[in-house]
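S.K.: In case you want the letters, here they are:
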Amino acid sequence: NAGVTQTPKFQVLKTGQSMTLQCAQDMNHEYMSWYRQDPGMGLRLIHYSVGAGITDQGEVPNGYNVSRSTTEDFPLRLLSAAPSQTSVYFCASSYQWGSDYEQYFGPGTRLTVT
Amino acid sequence: KQEVTQIPAALSVPEGENLVLNCSFTDSAIYNLQWFRQDPGKGLTSLLLIQSSQREQTSGRLNASLDKSSGRSTLYIAASQPGDSATYLCAVRVDTGRRALTFGSGTRLQVQP
Chain A
3 NAGVTQTPKF QVLKTGQSMT LQCAQDMNHE YMSWYRQDPG MGLRLIHYSV GAGITDQGEV
63 PNGYNVSRST TEDFPLRLLS AAPSQTSVYF CASSYQWGSD YEQYFGPGTR LTVT
Chain B
3 KQEVTQIPAA LSVPEGENLV LNCSFTDSAI YNLQWFRQDP GKGLTSLLLI QSSQREQTSG
63 RLNASLDKSS GRSTLYIAAS QPGDSATYLC AVRVDTGRRA LTFGSGTRLQ VQP
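Here the protein sequences come in this chain order: A and B. Take the position in the first sequence, starting the count at 1, then add 2; the result is the number in this note's numbering. Take the position in the second sequence, starting the count at 1, then add 2; the result is the number in this note's numbering.
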């Protein structure tokens with residue numbers, strides 16, 4: 003298994019540009035989520051999904067969209083990039099959202115918005 | 003709102019020492035607690051998951067304990083090695099409707115050869 007994969011690893015955007023961060027998992031996990039990690043702020047949840055066709059907002063959803071058309075993929079879209087979105091983005095998944103299941107994280111995408 | 007604190011923020015020890023990393027949380031109504039390791043510029047690697055009904059979990063040289071009533075968890079690393087150098091994060095799951103983990107800010111560990 004490849005686990006949780008993310009592309010790209012690095013990205014530089016100009017303010018106002020849009021882009022999609024890709025996330026895929028090959029473990030047949032129902033639950034997937036996106037976090038951002040900022041110095042001094044820890045990891046904060048952006049959006050999550052408990053299955054194909056079901057998404058919900060996390061703690062910091064503004065400026066981001068998600069969709070879940072398949073079990074494997076959970077892309078994160080930046081609609082109009084802003085410097086405040088400069089961060090490291092992590093995708094995570096688990097079998098289900100339940101107490102017995104570990105969260106597995108991808109390697110991250112480092113995004114800089116100028 | 004659940005808050006997770008990790009102390010110390012940074013720790014430097016000589017190789018071979020046993021060490022303890024601390025994690026505290028404000029809301030004891032947790033479902034589980036997970037310890038992660040993060041190497042510089044890398045993602046998070048899951049180390050141990052402790053269910054709320056468990057007191058501890060062990061994996062190799064790692065032992066994690068959980069005391070829900072006092073809102074504390076410790077990660078014990080035996081016979082530390084330079085390869086253990088990384089940032090260690092703890093995260094708790096509280097099912098408040100928003101299905102998220104709440105993370106601490108981490109302890110940055112440096113093991114000196």
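No lab work stands behind these hints: they were computed from the structure. Misleading hints may appear alongside valid ones.
What the hints assert, rightly or not - Heads up, simulated EDC-like pairs for lysine to aspartate or glutamate below, C-alpha to C-alpha not over 16 Å straight-line:
id : chain 1 : residue 1 : chain 2 : residue 2
1  : B       : K70       : B       : E17
2  : B       : K3        : B       : D29
3  : B       : K44       : A       : E74
4  : B       : K3        : A       : E61
What the hints assert, rightly or not - Examples of chain B residues toward chain A, derived with CB under 7 Å:
id : residue
5  : K3
6  : V15
7  : S48
8  : L51
As the list claims (entries may be wrong) - Ranges between beta-carbon positions, derived for each pair:
id : chain 1 : residue 1 : chain 2 : residue 2 : range
9  : B       : G85       : A       : P63       : 17 to 25 Å
10 : B       : I9        : A       : N64       : 30 to 38 Å
11 : A       : D40       : B       : D41       : 17 to 25 Å
12 : B       : E58       : A       : N3        : 26 to 34 Å
13 : B       : V22       : A       : F12       : 31 to 39 Å
14 : A       : G55       : B       : P16       : 52 to 60 Å
15 : B       : S72       : A       : R112      : 31 to 39 Å
16 : A       : S86       : B       : K3        : 37 to 45 Å
17 : A       : G5        : B       : Q83       : 41 to 49 Å
18 : A       : P41       : B       : T28       : 40 to 48 Å
19 : B       : Q56       : A       : G18       : 44 to 52 Å
20 : A       : D102      : B       : L21       : 23 to 31 Å
21 : B       : T60       : A       : T9        : 34 to 42 Å
22 : B       : P10       : A       : T17       : 32 to 40 Å
In this text, all values refer to a predicted model and were calculated from it rather than measured experimentally. Backbone N, C-alpha and C define an ideal beta-carbon position, used for all residues, glycine too.
S.K.: The structure should be examined with respect to each hint, and the outcome stated for every one.
M.R.: These are the hints, each one checked on the structure:
1. For the suggested pair B:K70 and B:E17, the alpha carbons sit about 31 Å apart, so the restraint of at most 16 Å is broken.
2. Between B:K3 and B:D29, the direct Cα distance comes to roughly 8 Å. Compliance with the 16 Å bound is thereby established for this hinted pair.
3. Among the hinted pairs, B:K44 with A:E74 is inconsistent with the structure: their alpha-carbon atoms are about 22 Å apart, more than 16 Å.
4. The suggested pairing of B:K3 with A:E61 holds, with an alpha-carbon distance near 12 Å, which does not exceed 16 Å.
5. The closest approach between the C-beta of B:K3 and any C-beta of chain A is roughly 10 Å, which is over the 7 Å cut-off, so the hint fails.
6. Hint status for B:V15 relative to chain A: violated, with the closest Cβ pair at about 24 Å, above 7 Å.
7. Proximity of B:S48 to chain A holds as hinted, the smallest CB-CB distance being about 5 Å (cut-off 7 Å).
8. Satisfaction of the interface hint for B:L51 is found here, the shortest Cβ-Cβ separation to chain A being roughly 5 Å, below the 7 Å cut-off.
9. B:G85 and A:P63 have their C-beta atoms about 38 Å apart, which leaves the hinted 17 to 25 Å range violated.
10. Distance hint check for B:I9 and A:N64: the Cβ-Cβ separation is about 32 Å, which falls inside the suggested range of 30 to 38 Å.
11. A hinted range of 17 to 25 Å for the beta carbons of A:D40 and B:D41 is consistent with their spacing of about 18 Å.
12. Distance hint check for B:E58 and A:N3: the Cβ-Cβ separation is about 28 Å, which falls inside the suggested range of 26 to 34 Å.
13. Evaluation of the 31 to 39 Å hint for B:V22 and A:F12 yields a pass: the beta carbon distance comes to about 36 Å.
14. For the pair A:G55 and B:P16, the supplied restraint of 52 to 60 Å holds, since their beta-carbon distance comes to about 53 Å.
15. Distance hint for B:S72 and A:R112: a CB-CB separation of about 37 Å, consistent with the stated range 31 to 39 Å.
16. Taking the beta carbon of each, A:S86 and B:K3 are about 22 Å apart, not inside 37 to 45 Å as hinted.
17. Separation of A:G5 from B:Q83 is about 25 Å and departs from the stated range, judged on CB atoms against 41 to 49 Å.
18. In this structure, A:P41 and B:T28 break the distance hint of 40 to 48 Å, their C-beta atoms being roughly 22 Å apart.
19. Checking the proposed 44 to 52 Å range against B:Q56 and A:G18 shows it holds: the Cβ atoms sit about 49 Å from each other.
20. A beta carbon spacing of about 29 Å between A:D102 and B:L21 agrees with the range 23 to 31 Å that was offered as a hint.
21. At roughly 36 Å, the beta-carbon separation of B:T60 and A:T9 lies within the given 34 to 42 Å, and the hint holds.
22. B:P10 and A:T17 have their C-beta atoms about 38 Å apart, which keeps the hinted 32 to 40 Å range intact.
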